[in-house]
Amino acid sequence: MAVQFDGGVVIGADSRTTTGSYIANRVTDKLTHIHDRIYCCRSGSAADTQAIADIVHQHAQVYASVYGSPPSVATAAALFEKLCYENKDQLSAGIIVAGWDKENGGSVYNIPLGGGMFQQPWAIGGSGSTYVYGYCDATYQEGWSEEETVKFVKNTLSLAMARDGSSGGCIRMCVITQDKVERHFIPGNELPRFWEGKEVVGSMNAASTAVVV
Numbered sequence: 219m220a221v222q223f224d225g226g227v228v229i230g231a232d233s234r235t236t237t238g239s240y241i242a243n244r245v246t247d248k249l250t251h252i253h254d255r256i257y258c259c260r261s262g263s264a265a266d267t268q269a270i271a272d273i274v275h276q277h278a279q280v281y282a283s284v285y286g287s288p289p290s291v292a293t294a295a296a297l298f299e300k301l302c303y304e305n306k307d308q309l310s311a312g313i314i315v316a317g318w319d320k321e322n323g324g325s326v327y328n329i330p331l332g333g334g335m336f337q338q339p340w341a342i343g344g345s346g347s348t349y350v351y352g353y354c355d356a357t358y359q360e361g362w363s364e365e366e367t368v369k370f371v372k373n374t375l376s377l378a379m380a381r382d383g384s385s386g387g388c389i390r391m392c393v394i395t396q397d398k399v400e401r402h403f404i405p406g407n408e409l410p411r412f413w414e415g416k417e418v419v420g421s422m423n424a425a426s427t428a429v430v431v
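Count along the sequence shown from 1, then add 218; that gives the number in this note's numbering.
Treat each hint with caution, since some may be false.
Calculated cross-link-like contacts (lysine-lysine; reagent style DSS-like; alpha-carbon spacing at most 30 Å) [claimed, not checked]: (1) 300 x 320; (2) 369 x 398; (3) 369 x 320; (4) 398 x 300; (5) 369 x 306.
Calculated from the structure, these hints are not laboratory results.
Starting from the given sequences, assemble the full structure and let the hints guide the process.
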């Protein structure tokens, strides 16, 4: 998922990759670097989404070399959309592109299965997303700070991971602003725990490991 806030975006994902009912990888990094301030979240076929992300990453590097400036988030998203739409019969790929650029600040683009490109203040995808659309609709508010947005992403992913058998593991998040690209890692045993009819159990402000790159 990806959420826009005043000054940037927060992206996040679980770390489980499945092959049927078998967990092929429990520590997958689903947040893929495209350019300096542009990342994407991948869902669907791991092979398909990795191949598409590699192609867009290459084009972004060429764009920066030719024009002398980094591509905008919209440019990267449009290339993802073109690849997904023109190959929709052969691909199973849902992509969320998010990042910061000097033209638009923080922005989020959703490219669902089959192509199409939709700019949204927040976007969710993958098998776990069906469990948390209602939570996102009821909870999201414009004007959140970075800290509030990080907490929202963490809670949303924790809810999806608790209900969806194809989601799980740990949480990886990335905060992207004009000044930083900051990665967060939350182990599975430190995730917020939700119970029906009750508030979050455990520390909402549990420390996460952050690395500025």
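Against the structure, the hints come out as follows:
1. Restraint check for residue 300 and residue 320: satisfied, since their Cα atoms lie roughly 23 Å apart, inside the 30 Å limit.
2. The suggested pairing of residue 369 with residue 398 holds, with an alpha-carbon distance near 18 Å, which does not exceed 30 Å.
3. For the hint pairing residue 369 with residue 320, the CA-to-CA distance comes to about 26 Å; that is within 30 Å, so the pair holds.
4. A distance of roughly 29 Å separates the Cα atoms of residue 398 and residue 300; the hinted pair therefore holds under the 30 Å criterion.
5. Restraint check: the Cα-Cα separation between residue 369 and residue 306 comes to about 34 Å, which exceeds 30 Å; the hinted pair is violated.
Of the numbered hints given earlier, the model fails hint 5 alone.
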